[in-house]
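*Asks:* Chain by chain, the residues:
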Amino acid sequence: GAVVSQHPSWVICKSGTSVKIECRSLDFQATTMFWYRQFPKQSLMLMATSNEGSKATYEQGVEKDKFLINHASLTLSTLTVTSAHPEDSSFYICSASRDGETQYFGPGTRLLVL
Amino acid sequence: QKEVEQNSGPLSVPEGAIASLNCTYSDRGSQSFFWYRQYSGKSPELIMFIYSNGDKEDGRFTAQLNKASQYVSLLIRDSQPSDSATYLCAVNIRDRGSTLGRLYFGRGTQLTVWP
Numbered sequence: 001g002a003v004v005s006q007h008p009s010w011v012i013c014k015s016g017t018s019v020k021i022e023c024r025s026l027d028f029q030a031t032t033m034f035w036y037r038q039f040p041k042q043s044l045m046l047m048a049t050s051n052e053g054s055k056a057t058y059e060q061g062v063e064k065d066k067f068l069i070n071h072a073s074l075t076l077s078t079l080t081v082t083s084a085h086p087e088d089s090s091f092y093i094c095s096a097s098r099d100g101e102t103q104y105f106g107p108g109t110r111l112l113v114l
Numbered sequence: 001q002k003e004v005e006q007n008s009g010p011l012s013v014p015e016g017a018i019a020s021l022n023c024t025y026s027d028r029g030s031q032s033f034f035w036y037r038q039y040s041g042k043s044p045e046l047i048m049f050i051y052s053n054g055d056k057e058d059g060r061f062t063a064q065l066n067k068a069s070q071y072v073s074l075l076i077r078d079s080q081p082s083d084s085a086t087y088l089c090a091v092n093i094r095d096r097g098s099t100l101g102r103l104y105f106g107r108g109t110q111l112t113v114w115p
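In the order they appear, the protein sequences are chains V and C. Quick note on this note's numbering: the first sequence kicks off at 1 and runs consecutively. Quick note on this note's numbering: the second sequence kicks off at 1 and runs consecutively.
One thing to keep in mind: the hints can contain errors.
Computed list of lysine-lysine pairs in DSSO-like fashion (alpha-carbon distance at most 30 Å, straight line) [said to hold, decoys possible]:
(1) Lys66(V) to Lys41(V)
(2) Lys55(V) to Lys42(C)
(3) Lys67(C) to Lys66(V)
(4) Lys14(V) to Lys41(V)
(5) Lys42(C) to Lys64(V)
(6) Lys66(V) to Lys14(V)
(7) Lys42(C) to Lys56(C)
(8) Lys20(V) to Lys56(C)
(9) Lys66(V) to Lys55(V)
(10) Lys41(V) to Lys20(V)
(11) Lys64(V) to Lys14(V)
(12) Lys42(C) to Lys14(V)
(13) Lys66(V) to Lys20(V)
(14) Lys14(V) to Lys55(V)
(15) Lys41(V) to Lys64(V)
(16) Lys64(V) to Lys20(V)
(17) Lys20(V) to Lys42(C)
(18) Lys67(C) to Lys56(C)
Don't read these hints as lab results, they were simulated from the structure.
Make the full structure from the sequences, and use the hints.
*Replies:* So this is what it looks like as structure tokens:
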């Protein structure tokens with residue numbers, strides 16, 4: 001199988017606080033993990049790509065100092081939304097890949113910033 | 001510019017019919033192709049991937065790839081109401097000089113299968 005988990009599944013926080021989202025590949029080692037964001041009625045938007053042990057590669061327009069990504073091991077990547085604001089409210093989805101091509105998605109994390 | 005185009009739909013078919021979902025892509029360097037299903041409020045789920053020209057069958061699903069025409073499709077036979085979802089076409093492209101590919105997604109086709 002290729003199971004990817006995310007935690008938490010949903011989070012509500014106050015404006016200005018930071019939120020950490022974990023993404024884990026449960027039954028395989030993920031050489032690469034990806035972070036996406038999806039707003040209602042829109043398609044997935046890639047935020048960044050991360051390889052274990054190296055710095056993440058961010059897509060144009062994504063602030064690396066606001067969205068901190070750590071890929072500490074072959075099974076764990078974290079996304080920290082720093083100083084969250086209401087406009088950061090979205091559905092954050094990670095994916096993991098063992099071959100760099102086929103991506104398996106986690107269940108997503110709904111973030112609501114009040 | 002790397003574009004992946006899908007008919008946004010909605011596509012509506014009766015239960016038991018064949019649903020045909022189409023996708024075109026602009027970059028001839030595309031190497032692998034994926035179909036994901038996304039239920040409302042959920043994350044995408046991988047249905048099929050295809051690398052070579054021709055057909056690939058998996059149960060009720062058949063993916064068809066024509067690289068010359070830059071066209072990939074998904075057929076769903078014996079459609080069921082539980083197939084009602086948004087289907088995302090995704091194309092993996094490796095940037096020049098990079099060993100890492102990234103997925104470019106279409107906007108998705110909304111499919112409704114009515115009983």
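*Asks:* Are the hints correct? Go through all of them and say.
*Replies:* Results of checking the hints against the structure:
no.: 1; hint: Lys66(V) to Lys41(V); result: holds, 24 Å
no.: 2; hint: Lys55(V) to Lys42(C); result: holds, 29 Å
no.: 3; hint: Lys67(C) to Lys66(V); result: violated, 39 Å
no.: 4; hint: Lys14(V) to Lys41(V); result: holds, 25 Å
no.: 5; hint: Lys42(C) to Lys64(V); result: holds, 26 Å
no.: 6; hint: Lys66(V) to Lys14(V); result: holds, 16 Å
no.: 7; hint: Lys42(C) to Lys56(C); result: holds, 26 Å
no.: 8; hint: Lys20(V) to Lys56(C); result: violated, 40 Å
no.: 9; hint: Lys66(V) to Lys55(V); result: holds, 15 Å
no.: 10; hint: Lys41(V) to Lys20(V); result: holds, 25 Å
no.: 11; hint: Lys64(V) to Lys14(V); result: holds, 21 Å
no.: 12; hint: Lys42(C) to Lys14(V); result: holds, 24 Å
no.: 13; hint: Lys66(V) to Lys20(V); result: holds, 12 Å
no.: 14; hint: Lys14(V) to Lys55(V); result: holds, 28 Å
no.: 15; hint: Lys41(V) to Lys64(V); result: holds, 25 Å
no.: 16; hint: Lys64(V) to Lys20(V); result: holds, 14 Å
no.: 17; hint: Lys20(V) to Lys42(C); result: holds, 20 Å
no.: 18; hint: Lys67(C) to Lys56(C); result: holds, 14 Å
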